[in-house]
Every structure is written in C-alpha cells, then in structure tokens.
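Trainee: Chain A is fixed; fit chain B onto it per the hints.
Number of protein chains: 2
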Amino acid sequence: MTTKVNPDLQKERNSATFNTEEFTIWWCGGRKKYEERKALEKRFLEDPDLKDDLPISYMSHKELYEHSVRKAVRIAEKIRELRNNGEDSVDTYSALLGGSLGTALLKEGNPMTLHFVMFVPTIMGQGTIEQQVEWLSKAWDCSIIGTYAQTELGHGTFLRGLETRADYDATTQEFVLNSPTITSYKWWPGGLGHTANYAVVVAQLHTQGEFRGLAPFIVQVRDEETHMPMPGVDIGEIGTKLSMKSVNNGYLGFKNVRIPLNNMLMKNQQVLPDGTYVPPKNSVLTYGTMMFVRVALIRDAALALAKASTIACRYSAIRRQSPIDPNQPEPQIMDHTTQQLKVFPQIAKAIVFKTNGDNIWNMYNQVSHEIEKGQLERLPEMHALSCCLKAICSNDTAAGIETSRLSCGGHGFMDCSNFPTLYGMATAVCTYEGENTVMLLQTARYLVKVYGQALEGAKLVPTVSYIKEAIKQKEFINFDGSLEAIVKAFQFVAANKIRIAYERLEERRRQGHGPEVAANLCGIEMTQAADLHGRSFLASSALFELQNLSKQVSPALAEVLKTILELYLVDACLNRIGDFLRFINLTDKEVGQLELRLQNCLKRLRPNAVALVDAFDIDDRILDSALGAWDGNVYERMFEAAKKSPLNKEPVNVSFHKYLKPFMKANL
Amino acid sequence: MTTKVNPDLQKERNSATFNTEEFTIWWCGGRKKYEERKALEKRFLEDPDLKDDLPISYMSHKELYEHSVRKAVRIAEKIRELRNNGEDSVDTYSALLGGSLGTALLKEGNPMTLHFVMFVPTIMGQGTIEQQVEWLSKAWDCSIIGTYAQTELGHGTFLRGLETRADYDATTQEFVLNSPTITSYKWWPGGLGHTANYAVVVAQLHTQGEFRGLAPFIVQVRDEETHMPMPGVDIGEIGTKLSMKSVNNGYLGFKNVRIPLNNMLMKNQQVLPDGTYVPPKNSVLTYGTMMFVRVALIRDAALALAKASTIACRYSAIRRQSPIDPNQPEPQIMDHTTQQLKVFPQIAKAIVFKTNGDNIWNMYNQVSHEIEKGQLERLPEMHALSCCLKAICSNDTAAGIETSRLSCGGHGFMDCSNFPTLYGMATAVCTYEGENTVMLLQTARYLVKVYGQALEGAKLVPTVSYIKEAIKQKEFINFDGSLEAIVKAFQFVAANKIRIAYERLEERRRQGHGPEVAANLCGIEMTQAADLHGRSFLASSALFELQNLSKQVSPALAEVLKTILELYLVDACLNRIGDFLRFINLTDKEVGQLELRLQNCLKRLRPNAVALVDAFDIDDRILDSALGAWDGNVYERMFEAAKKSPLNKEPVNVSFHKYLKPFMKANL
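Listed in order, the protein sequences are those of chains A and B. So for the first sequence, full-length UniProt numbering puts the first residue at 1; every next one is plus one. So for the second sequence, full-length UniProt numbering puts the first residue at 1; every next one is plus one.
Next comes chain A alone, as it looks inside the complex:
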C-alpha cells in the first residue's frame, strides 16, 4: 500500500481556509480531553491482542461470538488495570462501552457492556448500602458478570405489562420466580445468552397474596464454576439480528427458581421477612436514569454522523464520475450539486447535534442537581425535551448515514466501507431506550398540557415559552429571512402544530371520546407537534450555541461556523416547508430564495468540506473504512480488503468439484 496521500484529497486540504486543529480541540471539549482521548485510543488500538486478522463479516455467528468474548475480556482486563491504577474516569467507560472506541474494538457490540452500564449502576442505584457492600466489589472486579433483564418477549415499552412473577414465600424467606407464559420470557438483554452468570431481573412482586408492583431482583443464572444454567433456569441466545451481532442478547425463563429475600434490591421499596411490603417514597429517580441514557444517545448521534460524513466527504473528493462538461475529464463527484446536497447537510447536522448534545447535557446536570435538592419543577420539561430529541436525533442520524452511504454508489454497499455496520448500529437507536413514536407521544402529552396552561395565562418554563408568544402573535409577520427569523418561524410553526393537536383533542372530547381514546385518535397530530417542538429547539439551540462559539474562535473558523449554521437552518426549514407555508405567508419567490440560499451555502462550504471532516479527527482504525481513510487510497484499500476474503485464499473453491463440475459435465 502506497502511503502517498491521494492528490485530490491533498488539494482539498490545501485549499481549506481555517485551522483544523482549532476546530478539533473545540470538538473534543478542550485540549486536555483531546489528549486524554488520544492516549486512551493509543492504549487500546495498539494492543496486539485487540487487533483483528480476519474481518468479522467473514466469520460464522459462533466464531464471531467466541472472538468477541475474547476481545471483551481483554478490554475488561485493561479497564481493570486502569481502575487499579486510578486512571479510569466516566469518559473512559463511555468511550469504551458506548463510544467510538468501543465500537471500533468490537464493531458488532460487546457482550459485557450491560455488566458495566446496567448491572453495576442498578446495584448502585437500587441496592441498600449492605447490598452494595455484598455485590459491588464482586461486580467491579468482574468475578461475577451480570446483565439487566427487564424486556420480555411479549412486553417492552409498557412496563406494567411485564409478566415474570416473584412470589414471596415467608416460610423459607425466599422469592419464587416463574415465567408463566411464553410471552413472559425475558428477551433481548445483552450478554444474557451465554456470557453473564448473574442478572438483575425485573418482575412482578407478590407478597402476602397481593400484587405490589414491579421490583428488581439479583438472580444467579449460571453456576460460577461450570457456567451451567442454574436449576429451573431456561436460558440461551435469541439469534441473529440486523446489527449488534455479538452482543449475545438472550432469553431467560424461570420455573420455581428460589432466591433469598435479600436478593431483592431494597433501596427504594422493601419486603420484610414476614412479607410486609414497604412501598417506595417516590419514583422520580427512575426517571433520572432513563433521561441520562437518552441524553447520552443524543450526544452519540453527533459522533455517528461525523463518521458517516467523513467517509462520504473524503470519498466524494476522490471519486471521479460523470462529466459535467463533456470536454473536461470526469470531475470529483463532490462538484455535483446533487452530491453536495447529500453530503454537506450531514456535516452540519453532526456539528449542530454536538452543540445541542452539550447544551442538553448541561441542562440535564442542572436539573439533576435540582432534583437532588428536592426541586422537581423542571423535571417534566427536561423529560419532554429528552424524549423528542432522542427520537429526532436517532431518526436523522440513521437517515443521514443512509444518505451518506447511497452517495457513495455501489462501493458504499460494501462492508469495507463500514456503512452497513454504522447504519445497523444507528437504526437500532430508533427502537431501544424508548421507541421513537412512543418518545414523541410522551413529549406531545406534555406539550398539549402546557398549551392548555398557556391559554389560561400561566407562566411557561424556558423551552416552551415560545408557545405563549405564538398565541399572542397569531400571525407571523416580517419574515425577513434572517437566521433569527428562521428560528422564530420554527417556533411559530411548532406552536401552531401544538395548537392543532390541542384543538383536535378538544374536538375528539366533544365528540364524546374519553381522554385516552381522544389522545390515540390524535396520535398523528401529537407526534408531529412533538417533532416540530424538538426541531425548533434544535434550531434555537444551534443559533445560540454556534453564534456564541463564533465569538470565541478565530475569524476564519467563525466564518466556517456561520456557513454551517446557515446551511443547517435553511436546510431544516426547507425540509419542513409544508408546515412553514401552512402557517406563514411566504411567497413562491421567498421559497425560491431559500432554495438558492441553500445552494449558496453548499457552494461556500465546498472548499472547507474535507477540512471539516478531517477536523472531526477520527482515527483511521476507528473509522475503519476503505472509502474514508485519511490517505484517500480508496481503491488500493478496497483491493486489500477483498484479498482478506477466505474465498480468495484458494484459487478454486471446493464447490466447483462438488457441485459445479458434475452439473456442467452432465450433458456432455
């Protein structure tokens, strides 16, 4: 492989107008974080035990699992080392278990992730001090490996529908676990299939003949010495999936499995030895964990889009195809306007999602801090915002990755481009940790409630205060096309979508439907209102954050950020132009101007596009793409990847002699 950089790519780098390092340092959260990240990457990416010879796409499912357990253990060993040296931090865990580095090391997922991100935190969050003492050191040391078993084959989103039962038997001071139906089997928990030997199991608690609600229990599922399933435990893996192929998602059924009283996690609710049930004081804290995970997913969306746009953008600079001018050679495909429209908005979205992720992360920390002090006022607002942003960011990220892949033509289809894996991981986020439609409906319920309060003159919290202004305003006037006007227009449109949901709900009530049936009949209006609310938040957050940032950076970078912001806002507006035209009186000419402005943004971004994705600073080994590597030797890398196929290791495959030749010679 040549180490020369592709000249077209070099040309792009030479023509950039800003300093990529300045962007990179900001993107990473400051120089210290940048250096820590680099050091962590080095430590893991250069470990010979973590390097792969055979790309996983050639392995059988079983080979992939065994390969993944080997690597997961090596990663966990190194985490243990870091921890023993006091070198671990929240960033370490998030990079290795959810972040880019973790997915680079185990592209199809880590079967031990849930041990670190759910098993240990659940014991910390829901165990009493005594229970923490008993379980945490074993769990931190990985002398036991756990997972978190909540979802069942027939039950996901609606927690109260869970069927697994835990009946307390006061005579032996034990819980008896049972899976009464096929739909009650636990289904999906990562690492549950063949990796974990313990699980936190969420089950219906019954004591003294009464149903007490759901409770978490620590259950041993496999023997610590032999790893054989414990008596009464029916356990295995659920089979292959679109992605996360090595997460080892499992199923789990119980038949009269007995566990000691003390295995119920009792920080929030208790069962006394005689079976007396002491209910939890409040359930606010469980909200907190869900919000935390959603906020983390919003932040990860930016990284996934950064990867996809790095691949598509570099490849677009290298690939030459289809002449624009028949007298000229084929141009870089990045010179086709239609290609720019596919690639550049993903770069802008990555940056906006990142600023937005930081913004909502800060809000989350502030609200958490207030909650700890017992102030719960902003909890519903924060919950509503995290729900719709989780839905929007995951949806747009998955769609943006597919647009990026399709922009690379056939080559984007190859596993060596890394797009198939990127999409598989990203689209999963649309479903897990709160299915996107369910998320939008949660936000919408909050919004219509707030809308009613606004009509009654109540003061509204910051992220929804625009609703009140819109009610006063009635008509949107003076759309002067400024970025501020676009953001205001977004809010006006969102407020009107909320109004429509509210009015339709009222109408359904007048028709005689109960509130729940009415809400279902208005489900479409409600999801649309929540979508626009989230998008108007993204727009205003982008405006505020990027304008702020521009004041703190060099003029050259500020200019680039200005283009990014304008591109993002104009594109977002044109993507919802139907809603804009419905509520705001824009002429055909004004719409046409927005279109030309979008094209102008694309043109302005063109010279800096490659530099921007360079500035995302994604290591080649993390990007893992023949199309997107730093040096741009796309075709050499594609060949190198092809040569790794086991089929290419021998000139003639055995199937020729076994099947083809006898068939071809049969008629001779």
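Hints may contain errors.
Intra- or inter-copy, both count: the list cannot distinguish identical chains.
[Stated by the list, open to error] Pairs of lysine-lysine, DSSO-like flavour, derived with a Cα cap of 30 Å:
1) K281 with K32
2) K665 with K551
3) K138 with K449
4) K51 with K373
5) K649 with K665
6) K472 with K589
7) K255 with K449
8) K644 with K658
To be clear, the hints were calculated from the coordinates, so they are not data collected in a lab.
Mentor: Just chain B now, with coordinates in the frame of chain A:
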C-alpha cells in the same frame, strides 16, 4: 408448534368485508397465472434438496458461498428439466432468478443469476447468428457458466469512462486484453468471483491504432476442467456486502490476455480480420435492454412492499402493547393511529405500484413493438418515464420496508423477521441499474427540453401533455378535494417544478454558464422536477387503473379499492404538501381536512387490512418471517428460530473456559 391460528388474527379475517380470493386472482394476473405460480412454487419449495436446516445468518461467508452454489446448481438442474420438457416460460425465469421464489430459495442471491439474465441474453442480442450457434447451446446447457463484466472499480454510471482495453493484433487475428490501472479492474459482476468460467467483458476497442468505442467480448476466465484462472487473468471475489451476500460478486484484471477475433460479439459492430472497424448502425437497441430491466424493477417493487406489509400488518394484529384506555387490556398495536399510519400506506403503495407496473409494462411492450417497426417517437418519453419511476419506486420501497420494520419494534430487528434481508435487497435497487439521482437527472433533462417545446406551442406526447395545460392554466383554481382534483393538482405542481428547473437553467445560462455547467448548478431543481413528474404519473395512473378495475370486480372489493386509492392519493399529497402549498392556494382548513381524511381512510381500511395482506397470497416459506406467518404464532416461531442458533446447541460455550473463567477468577 401449535397449528392453531392466533385468535386476534382469526378475528381480523372474520371481519373482512371482501373476498380475498377475488383480489388474489387479480393480483396474480388471472387464474391461469395464479395456478402456474402455485405449481412452480410447489415444485421448488417442496424439493428436499432445496430446504435449509441451518438459517444462513449463522453461516460463515465461505459456508454460505458453498451452500449457495449447491442450491444454485440444484435450481439450475430443475430449470434444465423444465426446459427439456418444454415447461419453461419467461415467468419461470423471472420467478426463479429475480422474483419472490428465487429470493426465497436463495435469500442472499444466486451466484448463477447473471448467467441466465445477462450472459445468455447478451449473446442473443449482440452475437451474430454464427456466434449464437457457437455459444448459445453451451450456455443454455450450462456446460459453461458465464457472467457480464462491465462495471469497473473506478467506473460505473459513465460508460465512456471504462478503462479495460482490447487491442486488436492483426498479425495473429487476436484481441489483447489489458487492465492498465487499478481502477480499470472489473468489479461487481455477480458470479465472477469463483463461479463463472466465462464472461462477456465490455472493453475499449482499439484497432489499427485507433480507439473505436466500447465493445463486448466473450472471454474465458477459468479452465473448464480445473477451474483454475486462465493465464494473465487475475480474478477473485470483492468481499462481503450489506446484502446479496451469496451473489459472489467478483473482480477481474487482464495482463495481455489473448482471445480470438471471433470472440468479439459482432452483431452491431464488426472488426474485420485486417483490423478494419465497421461501426454500429444505431445504438437504440441498447436503450431497450436498460428500459426492460428498469420496468422489471418497478414491477418487483410491488412484491417487496407486499412482503413487508404482510409481515408488519399481521404482527400489528397480534402484538398487544401500551394501553389506549388504562382500564382496558393492552390493545392490538394496529389500533394505535400512529401504527396505522406506518403500516397501511405501504399496503396501498404495493397495490398502486402493481397497477403502475402493469401499466408501464404494457407501455413498454407497445413502444418496443413500435421500435421494431422503426418508429422511435415514443422512445425518449418511455426512457424518461422508466428512469424516474425506477428511482421513485425503489426509493419508496426501501423506505416502506424500513418503516414496516420499525413498526414492529425490536422484533423487526431480528433476522427471523426477514426484514433485514428484505431491506438489504431493496435498498440495493436504489443503486444498481442506474443510480437513482442519475436516473432523476436523465428524466429531468427530457422534461426541461419538453417544457421549452411546450412554450413554443409544440404538441406533447401523452405522459407530459399536462405541462402544456399547466402553462395555459397559470393558476390552479377549484381544488374541490376530489380524487381527480388531487391528481390534477399533482400535475400542476409537477409542471411548476419543471418550470422552475427550466427558468433556473435559463437564468444560469444568462449568467454566462455553458449548458452543462448550468445543468449541474440546477441539479437539485432538476431532480425535484423529475420526482414530481414521476409522482404525478403514479397518481394519475393509480386513479385510472384502480377506477377501471373497480368496474370489473364485485362491489365489496370495489369499495376496498376505493379506500386504497384515496389513502394512496391523500397520503402522497400530504407527503409533498410543501410543493402543493407553494403553487396552489390551500387554506389551513383545507390542509386540516386532508389530514382528517387520511385518518378516515386509515380507519376505513382497518377492518380489511389483514385480509388485504392475506390476499397478496405470499406463501409462508417465501415470506420466511416469524412475525408474519399465516398462523400468527409469532412468539412460538421466534423461539423456534432462536433454538436453531448453533450457540444454543450446547449449554456452555467454549469461550467460558478459554476466556471468561480465567478472567473472572484472576482476582480471587
């Protein structure tokens, strides 16, 4: 496994208001075709040699290839039998090589497909009579297996960019084939990797020191006895991909490979022994093949959507989740309005794509017939239409499959749902046989030309005549909401999008850009114009065909088709509401009415949704989905699928002893 039908599904079937058989017979193209299809399915699906024990998702890449060659050979043997008995037909080949039956037998594609659909037809279409005599019997008999090698690593859409060279050496009367660069390697041809021993290779023809354009050559790439690559031939497979994992796509490079003069296919152009070049008379016929393939893809889109909506619809009737009324049990998720909006439009689209496929198939046959008589007038119109419809139908099908998958929550993510494979196959269509953006641009070039002619008062051919009406009409008045008005409005909107593309082109020309640069600068407007043109054709074709059909069927079925048509048109209109509002003066209230009408269509379709997908009549073995099977025993089937995992064949995987246990015990 219980053979009882799920009671919720049975309830849906009982409540249907129409006769599913009546629909099925129409859907299959009449009773005779229906029975032929059933017989063919039986013949292949019940062959014990074509049944799989291990789902392919558990296999390694190499195992999958060997498995696929075995099955491909068995399929080809049965085709040979049919052929020898005179029982084969065009329908046989299309069902087995491109259609549902073929993809059911070999989910990830058949490495011998290109032999039948490209190698043989190319020899028939481009070989002289003598060449056909020489090659066709061997090819039909499969005593040689061929493929079609055109696309190169660095060159796809733009054919003139191909680099593979064939230099004629008059002294030996041979062509000398060479791959001068890495980008000139053939890349992508199906079956080329390790299956085929011959290929039609498209190369730059050079004779007497002059470049003569592209020409097709028959090249032997592997020895017939040993299957070893021929001298000078560098051949192998390109590696794993998002889908079509067993198509065995290959690469191919030449180093001074000599082939006889007579191996150039010479029906259209000739090289004489002394090297004299005789150019082709016209190149119209190659258009024909491309159109044929695109028309076939449009027809296949309906089948793919029918499969996806069958799975999503049946599962939505069975899955119970998230109470609407807190005092009631969890409802069938099909009762959630948001779920209906995900699932039902896909059913409508499948039906509309089918009627549209029939429509355009008839047009294609008519135009082909005219071409054979030397009448080329309708060729550009047909070409333009087939391009944009290929793009729209493939795009909407891939998107519809993903919407269907996501509507099934986490379970749609499992391979046993069959959604991952369905999507992988469908999204590939967006790229192959003319990348979708390129397709839209081709259509757009035709449309702006026609627009110019219309301004000058020329008479327009049927599918674009609406442009002239729109020019006269200037403003759209009297939108009364009738289906006819929606179709007229679609055409008015399309005409205005074409106008904008035309005017922007003119403007760019006035700014001093040449026609090609101007076209590139207007690429976004042009693709949008082509998209709207195709969608307005789909709308008018749906109206015409379904209203016609309704007159020929029972009143009960006619009523269902009426709902389908209205759902399709209203949904299509709301999906492009921004364009409608830009050019047509609709009030907020009128938009609101369209929304409520969409909801009303969903509600009316609800009782017949399961019956409609039943009427698509997709055999369980073809549907191949635990979520979508006829009997609705979703959870039992999911379990059955999980049990097939090789990991579940042993209680403890070897990785516990090798990796996990030493690690877990390390600190003890």
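Trainee: Taking each numbered hint in turn, which are not upheld by the structure, reported in ascending numerical order?
Mentor: 1, 2, 3, 4 and 7
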